Amino acid sequence: MVIAFLVDIEFLWGFQARIAGLSKTSPSFYYPPPSTILGALSEAIARKNYLGEREGKKLIPLLSQDLLAIGFRAKNYIPLKYEDLNKIIAVKLTSGKLCPNPKDLAKSFDSPARGKTILSTLDCNPPIIRFFIVFREGRVVFNDKDIKIDDNCFWRIHRLGSKESRISTINVIKISSPEMLTGRVSTTFSFPLLDGLVPLFEKTGSWEQEWYINPFEIGAYDEKENPITNYMLGEKIVPFKVPILRGVLNIPEYVLELKGDLAAYKYDGEVVIGRW
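Those letters in the sequence shown? Residues 1 to 276, by our numbering.
Hints were generated in silico from the structure; no laboratory data involved.
These numbers come from a predicted model, not from an experiment.
Hints should not be assumed to be uniformly reliable.
[Unchecked claim] Keeping only pairs whose Cα atoms sit at most 27 Å apart, straight-line, the calculated DSSO-like set for lysine-lysine is:
| id | residue 1 | residue 2 |
| --- | --- | --- |
| 1 | Lys203 | Lys81 |
| 2 | Lys92 | Lys148 |
| 3 | Lys163 | Lys236 |
| 4 | Lys203 | Lys57 |
| 5 | Lys75 | Lys87 |
| 6 | Lys81 | Lys259 |
| 7 | Lys203 | Lys163 |
| 8 | Lys75 | Lys174 |
| 9 | Lys58 | Lys203 |
| 10 | Lys236 | Lys259 |
| 11 | Lys148 | Lys57 |
| 12 | Lys163 | Lys57 |
| 13 | Lys92 | Lys75 |
| 14 | Lys266 | Lys75 |
| 15 | Lys148 | Lys48 |
| 16 | Lys259 | Lys148 |
| 17 | Lys81 | Lys163 |
| 18 | Lys203 | Lys48 |
Throw the hints in and build the complete structure from the sequences for me.
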């Protein structure tokens, strides 16, 4: 049975989710990538079921296999990407010497510019992002244990991105058997440019494009294969069209056509694009 969740998340200041594979001065994204959402959800499920960090990471590929659709949009903020200087400990080998080294403090620290995305509110309320996530069954089998994905898991999420990217879940709606649409649809949520999807035109607002780890094809986390390595090699990644809010009265909306195994899921006027 298809199950979906509509989740509103409140940010403290913004988030840090930097593009992998660039120099140490790398920019951030406009939105937390879908993989960070699955990672935050897997962490919440792991804590709820008393699993360790290493075991919890193994839940991400299982969530990916069960995922049918995922989209997000800003409710009341403009995302502003920037870089600022950060003092960090340099863990490296320099001239045959290990760093950090208390006898050589100058080489033990670095100050690169790190990308961040600050969320500038449009209505004086904390910045809020809305996620629409659809699962095929809403459960994963891990170590012979049947683990259900319920609204309590989303209430347990406490960050999206780096450890400084603190958030609070403020609303979760569990949707059983959302309405499925095919053919020509319009959406206000981000959507992946998968095979079979034909973008027709931007009906309203501003849209950008970002490349994310493909949330439907996240494999194992091991030495041979992991999502970060795949991203740096240009494998198992997908472009997403993302809406950029410019004002509370101008909600971005995109019209597109779905072919093949693609479908849209609808609840209370909200439409997210995915597979069936």
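Here is how each hint holds up against the structure:
| no. | hint | verdict |
| --- | --- | --- |
| 1 | Lys203 <-> Lys81 | holds (25 Å) |
| 2 | Lys92 <-> Lys148 | violated (42 Å) |
| 3 | Lys163 <-> Lys236 | holds (25 Å) |
| 4 | Lys203 <-> Lys57 | violated (39 Å) |
| 5 | Lys75 <-> Lys87 | violated (33 Å) |
| 6 | Lys81 <-> Lys259 | violated (34 Å) |
| 7 | Lys203 <-> Lys163 | violated (37 Å) |
| 8 | Lys75 <-> Lys174 | holds (19 Å) |
| 9 | Lys58 <-> Lys203 | violated (40 Å) |
| 10 | Lys236 <-> Lys259 | holds (21 Å) |
| 11 | Lys148 <-> Lys57 | holds (16 Å) |
| 12 | Lys163 <-> Lys57 | holds (16 Å) |
| 13 | Lys92 <-> Lys75 | violated (42 Å) |
| 14 | Lys266 <-> Lys75 | holds (18 Å) |
| 15 | Lys148 <-> Lys48 | holds (11 Å) |
| 16 | Lys259 <-> Lys148 | violated (31 Å) |
| 17 | Lys81 <-> Lys163 | holds (18 Å) |
| 18 | Lys203 <-> Lys48 | violated (42 Å) |
Checked against the numbered hints given earlier, the structure breaks hints 2, 4, 5, 6, 7, 9, 13, 16, 18 and satisfies all the rest.
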